[in-house]
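Undergrad: So the protein sequences, as listed, match chains A and B. If you want our numbering, it's the position in the first sequence, counting the first as 1, plus 997. If you want our numbering, it's the position in the second sequence, counting the first as 1, plus 4.
Hints in this document: simulated from the structure, not taken from any laboratory. Where hints are given, some of them may not hold.
Said to hold, decoys possible - Cβ-Cβ distance ranges computed for the label pairs, FRET-style:
(1) 1076/A to 45/B: 33 to 39 Å
(2) 1230/A to 271/B: 28 to 34 Å
(3) 275/B to 1158/A: 31 to 37 Å
(4) 1056/A to 189/B: 47 to 53 Å
(5) 1116/A to 60/B: 32 to 38 Å
Claimed, not checked - Here are the simulated DSS-like cross-link-like pairs (lysine-lysine), alpha carbons at most 27 Å apart as the crow flies:
(6) 217/B to 1107/A
(7) 1033/A to 1065/A
(8) 1108/A to 120/B
(9) 1232/A to 1180/A
(10) 1082/A to 217/B
To be verified - With the C-beta cut set under 8 Å, the calculated list includes, among others, these residues of chain B facing chain A:
(11) 97
(12) 100
(13) 101
(14) 104
Don't be surprised by glycine CBs; every beta carbon is placed ideally from N, CA and C.
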Amino acid sequence: MLNEFSNNTISLFLQKKKKKGSFFNFSLTTFSPNGKLLQIEHALKAVESGATSLGIKASNGVVIVTEKKLPTTLIDENSVKKIQKLNDGIGVIYSGLGPDYRVLISKARKKSQQYFKQYNEIIPVNIISRKVAGIMQEFTQSGGVRPFGVSLLVAGYDHNGPQLFQVDPSGSFWAWKATAIGKNSSNSKKFLEKRYKPDMEIEDAINTAILTLKEGFEGEMDEFNIEVGVITNDKKFRILEPEEVKDYISELNL
Amino acid sequence: MQKGGFNFDLYQRNVELIEKNNYKVPKTTKTGTTIVGVVFSDGVVLGADTRATSGPIVADPNCEKIHRISDYIWCAGAGTAADTENTTGMISLQLELLSLSTGRSPRVRTALTLLKNFLFRYHGYISAALVLGGVDFTGPHLHMIHPHGSTSTLPYISMGSGSLAAMAVLETGYSSKMGEEDAKSLVHQAILSGILNDLGSGGNVDLCVIKHKSMEFFRNIDTTNSKRKFRKKLPYMFKSGSTKILEKEIEEKMRKMEIVNEKENAIEELEEL
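Extracted from the complex, chain B is given alone in its bound form:
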């Protein structure tokens, strides 16, 4: 059969189904998302929210949107959850093969090229918008990758449905002389802005700080927005008699047990076992 790309054989059938037979197209799980990346003096900070939506429903209130490409190259992904996970997964494997073959630690620009070439082949049908950041032997790098395969290199980036809210915070707070704590706090605020002002983003804040030969992942660094204030106490207790009994039937399943041989200290023996 054919080698790669999408198979459009069923395209006509699908169009007919939708138009004539009122077929409902299944909804993909999108990561509504706010993802952010910022370069600081010693490295890069990546941040993401943790809400995955399927239409108007929150499919996963605490998903991981920051993916590992290599030890010091990480990638935050917005768009279709399956696309971002599998794309970053595949490029991660390719990069490991390459680094074993060349005997060098991988470069961020290599990951960038692999990702953009991959996405371009699919002409935007793979809905993965990525913020790629890392530190290699040439220094810290931060890039944004659009689903069609175009890339940009910038000192601060935001993507996803919450990108406008996050960018507002970044534009206000960014300075080229930021240190690690400032950068972390800026990313944190930017993600919070997305979580609060965008419906597609929510949940907790994840942060990833990458410096030369060091990576710190702060999973759920901020959970104030995901604590459910109004929660019914479990278990559900219904008043006795609230369900009407229509019929009653009692079946004898087991005859009464007889104690044939009672052992002293039987309980102690069982505990020893």
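Chain A extracted, bound-state conformation:
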């Protein structure tokens, strides 16, 4: 029978062993003389040079789209899935570094299950956005780590209706009616400003989103180099099949 003393020494020993990898006790993200956090600024630059993603909140749903620009035709597009689900009712897209995104999705999914375990309630969209933002902020204030090089667009439908949130490398998050991130974000946002109507329905929003993406698209846009994710009042986030995307694109071309 282990007594408390030997229990504690063994766990301390294990903890010390665990900490062997992280030598840094100090943060690599520090303030510059003019009050900026340069690492975060650089992270935002990484986001700006990433593939365009945009989202539109309609009166009865949310749509998120992204361009799936693969560097060569040799890559199997079926293996690349940029839009991911956090749970049945929330979908996410990003602009920036893909691997960082993967890690965040993994952490976010775990957070949403932990929330369910604690409160027996499906996590609301604003709360998961806040938690993901919290994770991203941790990495701007911890020892030996760098900020995440991604901005996320979180789309969901809960008891507060359809919502679209953006989460930045700094850890700030806020809700949008319609927005774009990544390469052509400023032009896309101008385009959206003109086209957005608050009483827009989801079908309209999907068409507008694909049209906006088309504006800044280099080359020919088809159903294999964009991804579209939609959630409506059935509260089930769905990534559209290529055939459905093809229909929307051909409608726009008419």
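Got chain A sorted already, so can you dock chain B onto it with the hints?
TA: Same frame as chain A, now just chain B:
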């Protein structure tokens, strides 16, 4: 502090308390229980009674013993109520994380492995005996899981204190060529047998029919055994004077109200509001 498993630091103290100080060990709420599962041509049927006991008292006459692990994988639990609920709850969360990560709908054998590995770590101290059934992309599956972590795969299963009564019915009625209605009726009869012949089981019959991409939950499909025949009519009326009055004291709490300003149609106005 330590990571997982049970903390046995207080074991010696507890032994002393029980032996020397006549300390009464608190009773856990057990699900006395009859739980049953049967495979039929298109899927599985799970059945359970609804009585939860705490010693000789019925703690909950209508509890839910069939738990959701995923949309088409459900699990009936016997043993300690807290253990079955929380174990199935945790494995349900783990399975959802896994299915999101792999992009596939979960398999019954995955739930089985997660449950048995979990229970084995606790060497039987988590008193959860489970009947796990579901339909995944490989077809219908039915398994039984014992508290120590051993599992069996069978076409028909019964567990809990009423398992012998239920198994008698299953052995008589089971056929490998059963359809949905036959299977439902067999499970129903098996649970009823447990309810009638086992003291630890009682209440209503719950049924859960799972087929490919379809699940139907029949909560309280049979309530004939839980209708209380002899019930005193409420409210309790005592004869006037049955309680002896020892002292009487009257306190004036409120002065009489005066009507200062009477409004016509005041009642109609209130109703409009």
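Undergrad: Hint by hint, say whether it matches the structure.
TA: Going down the list of hints, with the structure as the test:
1. In this structure the supplied range 33 to 39 Å holds for residue 1076/A paired with residue 45/B, their Cβ-Cβ distance being about 37 Å.
2. Residue 1230/A and residue 271/B have their C-beta atoms about 42 Å apart, which leaves the hinted 28 to 34 Å range violated.
3. In this structure the hint that residue 275/B and residue 1158/A lie 31 to 37 Å apart at CB holds, the actual value being about 34 Å.
4. Distance hint check: the CB atoms of residue 1056/A and residue 189/B are about 49 Å apart, consistent with the given range 47 to 53 Å.
5. Range check, residue 1116/A to residue 60/B: about 35 Å between beta-carbon atoms, so the 32 to 38 Å window is met.
6. For the proposed pair residue 217/B and residue 1107/A, the alpha carbon gap of about 26 Å is at most 27 Å, so the pair holds.
7. A hinted pair counts as satisfied when its Cα atoms are at most 27 Å apart, and residue 1033/A with residue 1065/A does not qualify at roughly 33 Å.
8. Of the pairs offered as hints, the one joining residue 1108/A and residue 120/B holds, with about 25 Å between alpha carbons and a cut-off of 27 Å not exceeded.
9. Using a Cα cut-off of 27 Å, the hinted pair residue 1232/A and residue 1180/A is violated, with the two alpha carbons roughly 30 Å apart.
10. For the given pair, residue 1082/A sits about 20 Å from residue 217/B by alpha-carbon distance, which is consistent with the 27 Å threshold.
11. The beta carbon of residue 97/B comes within 4 Å of a beta carbon in chain A, closer than 8 Å, and the hint placing it at the interface holds.
12. For the restraint placing residue 100/B at the interface with chain A, the shortest Cβ-Cβ distance is roughly 6 Å, inside the 8 Å limit, so the hint holds.
13. Against a cut-off of 8 Å between C-beta atoms, the interface hint on residue 101/B holds, since the closest Cβ of chain A lies about 6 Å away.
14. Against a cut-off of 8 Å between C-beta atoms, the interface hint on residue 104/B holds, since the closest Cβ of chain A lies about 5 Å away.
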